[in-house]
Structure formats: structure tokens, C-alpha cells
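Visitor: Sequence:
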Amino acid sequence: MSDALLLLTLATENAELRAQLAEVQEQCVELAVDAGELHAEVERLQWRLAVAERDRDRWQARAAPC
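Numbering-wise (this note's numbering), the sequence shown opens with residue 250 and increments by one.
Heads up, some of the hints might be wrong.
Here are the computed distance ranges between Cβ atoms for each label pair [said to hold, decoys possible]:
#1 A271 with V291: 29 to 35 Å
#2 R293 with T261: 27 to 33 Å
#3 A310 with E286: 32 to 38 Å
#4 L257 with R293: 53 to 59 Å
#5 C277 with Q309: 54 to 60 Å
#6 Q276 with D306: 43 to 49 Å
Note that these hints are calculated values from the structure, not bench results.
Heads up, the beta-carbon is just placed ideally off N, CA and C, and yes, glycines get one too.
All chains should be built: construct the whole structure from the sequences, respecting the hints.
Guide: Structure representation (C-alpha cells):
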């Protein structure tokens with residue numbers, strides 16, 4: 250293989266790899282955003298669960314025979 254052909258092959262492969270890297274980096278950013286949104290949703294659900302458990306405990310305390 251001539252030097253020019255080898256250089257062209259390597260340059261083409263390099264360009265393809267750079268394009269793949271850019272795509273994967275974009276996917277990583279999207280995943281990070283999704284993870285942040287899911288984390289916020291988990292925190293909201295944990296708060297709602299804590300409120301529901303507190304309310305349940307209050308109702309149970311009121312309903313318990315003295």
C-alpha cells in the first residue's frame with residue numbers, strides 16, 4: 250500500500266471515529282439530562298411517600314382504641 254493511500258485510509262478512519270465520538274458524546278449529554286430529571290422525580294416521589302406515610306400513621310393513631 251502506498252504512503253498516500255495509507256494516509257488517506259487513516260484520515261478516513263480518523264474522520265469516521267471522530268463522528269462516532271461526537272455522536273456518543275451527544276448521547277452521554279442526553280443521558281445525563283435524563284438522569285437528572287429521573288433523580289428529581291425520585292426525590293418528588295420520596296417526598297410524596299413520606300407525606301402519605303405520615304398521614305397514614307396519623308389516621309392509624311386516631312383509629313386506634315384508647
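Visitor: Regarding A310 and E286, is the given constraint of 32 to 38 Å on their beta-carbon distance met?
Guide: Holds, at about 36 Å.
Visitor: At the C-beta level, are Q276 and D306 separated by a distance inside 43 to 49 Å?
Guide: Roughly 44 Å apart at Cβ, these two residues keep to the hinted range, so it holds.
Visitor: Do C277 and Q309 keep their Cβ atoms within the hinted range of 54 to 60 Å?
Guide: Violated, since C277 and Q309 (Cβ atoms, about 47 Å apart) do not stay within the stated range.
Visitor: For the pair R293 and T261, does the Cβ-Cβ distance stay inside 27 to 33 Å?
Guide: The hint (27 to 33 Å, Cβ to Cβ) is violated, given that R293 and T261 are roughly 49 Å apart.
Visitor: With respect to the beta-carbon atoms only, verify the hint that A271 and V291 lie 29 to 35 Å apart.
Guide: 31 Å, holds
Visitor: Look at the Cβ atoms of L257 and R293 and judge whether their distance stays inside 53 to 59 Å.
Guide: 55 Å, holds
Violated hints, listed in ascending order, are 2, 5; each of the other numbered hints is respected by the structure.
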